[in-house]
Amino acid sequence: MAEILTPKLAPLATSVAPAKAGAPFIEIENLSLFYGASQALKNITLNLQEKVVTAFIGPSGCGKSTLLRCLNRMNDLIDNVRIDGAIKIGGHNIYDTNVDVIELRKRVGMVFQKSNPFPKSIYENVAYGLRLHGVKGKAELDDVVEQSLRGAALWDEVKDRLHASALGLSGGQQQRLCIARAIAIKPEVILMDEPASALDPIATARIEDLILDLKKEFTIVIVTHNMQQAARISDQTAFFYIGELVEFDTTTKIFTNPAQKRTEDYVSGRFG
Amino acid sequence: MNTVTPGQYLPESSNDTTRITRHFRAEKFDFWSFFFSGLTGLATLFIVGILAVILLNIVINGWSGFSWHFVSTIPKKDFFDVHTTGVLPMIVGTSIRVIVMTIFVIPVGVITAIYLTEYAANTSIITRIIRAAVNNLAGVPSIVFGLFGLGFFINFVGKNMDKLLHNTSAVWGQPALIWASLTLAVMTLPVVIVATEESLKAIPPGLREASLALGATKLETILKIVLPQALPGILTGGILAVSRAAGEVAPILFTGVAYYMASLPGHLSDQFMDLGYHVFVLSTQSPNIEQTRPILYATVLTLLLLTFALNIVAILIRARMRKKLRALG
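Protein chains in written order, with my numbering: chain A, 1 to 272; chain B, 1001 to 1329.
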């Protein structure tokens, strides 16, 4: 109920000076997360830049997906979760009590590991977010749906069957549909939780090309198990280990000359 | 160490297949597998057989009394003459009470199931009380529901309604179609709740997450994504409720059924006649059982056909919905 009643958040990007390349856009400050008594994230401090691809890497259970889900407050949906610290996006702490979570999730979109298109037509999948946020005119909907499907490199494959069920698409196409659905509402940040882990190499390559394209317009944070993928597509990489941030630097540095021994052990495959 | 060399099990020539078959053919006939699969087959045949015997018995005995005249005539007070009797008021009474019951039970059942699945914390004390109440409700004998209907709906709600409306004679404070339907709704509530809950739980959580991540509220997610997908399951609950309620006599005994009504029920406060109750009347009040037997069987056949027809309509609607969900948005 609180979600419906809280006042709307001011537009994120315009309430601070326009970000220059290199200016921090997402500031995570001393973030700790507890599932009941066990601590899943230990005092994370991290600044992510705008319009850059940041990869979170680390072995299973290190907290990278948990941290990702904090960025759009999806962890609020789990019982027994306690969060200390702050996350500022565009200067505003998203964990403030007067923040409208609905607005936040409009600004920070998410693509999940297992593609989850709605059992509706392709058109309705992409239009779902738009209709939620009040877009009604058919011409406008048609326009944005086409733009989003083009932006997700899916338009040519589906333009003749927009009203066929989304469930009839292949795995890779469904994931691109989920990306189209997420970008249709024009978020500022896209969070991707292992988006290609369930896909074959060809579909994975298409998603990776897509991400390199999308970063011109969106800030992207991607969690990945695949270190080579992180090396291929990200500009900056953060390495996590059992709930702690071990090292955060440009991708080239993390993979060629990391400062921490644990990072070096992980990227060279000595454990993980 | 026993290693297998590649090609060890391949036949040396195309004629020599014994190497493979020796290793993979069953050594002996497995009696217990055969016995248990035979047993399950027999059990299935047994159930189908019993159903066939019951149905055949009813159809064979009832066919002679069953006719268009039979189902479209309002009988006189004498039910026992094969040529003049009819069951139209009973068909109408049974149908209306089942339909009114459905109008009440589906919204209440669905909303309860949505609360239990989507909103309630699984471990809270209130959730546990509600679940216990639903389970216990399912175990209450039908006659107890009848007494509940009399005590609560008629003597409390009905009588107070009459007082509020300043009725000089009892209109609502007596057995009526509405009270019988409500009693049946209370009785079949657990069925609808459980069927709805099962269909809600079958929807993968990923769909809800996707909707919430796009900025939908929980309510919007339920109305736009979850409920449409759960509709076939909800209809199944409705079908089960209808099948159960159509044949129940005990709950309507004190709450609305009448031995004889000269005309069809026209208002929710009217009493009504009922097929199931009529079977009871024919069996116990008949002066000549030999003469009445065909009418009795014909009434039972009518009840079965009515239940069947109501179910078919619901099943067709559900099949249409499933097709739509699968094919397009």
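Be a bit skeptical, because a hint or two may be false.
As the list claims (entries may be wrong) - Under the rule of at most 25 Å between Cα atoms (straight-line distance), these lysine-lysine pairs were calculated in the BS3-like manner: (1) K1224/B - K1201/B; (2) K136/A - K1218/B; (3) K1324/B - K159/A.
Think of the hints as simulated: they come from the structure by calculation, not from any bench.
Quantities reported herein were computed from a predicted structural model and do not represent experimental measurements.
Quick rundown of the hints versus the structure:
1. Proximity of K1224/B to K1201/B is assessed by CA-CA distance (about 16 Å); at most 25 Å being required, the pair is judged to hold.
2. Under the criterion of a C-alpha separation no larger than 25 Å, the hint pairing K136/A with K1218/B is consistent with the structure, at around 21 Å.
3. For the given pair, K1324/B sits about 21 Å from K159/A by alpha-carbon distance, which is consistent with the 25 Å threshold.
Taken one by one, the earlier hints all hold for this structure without exception.
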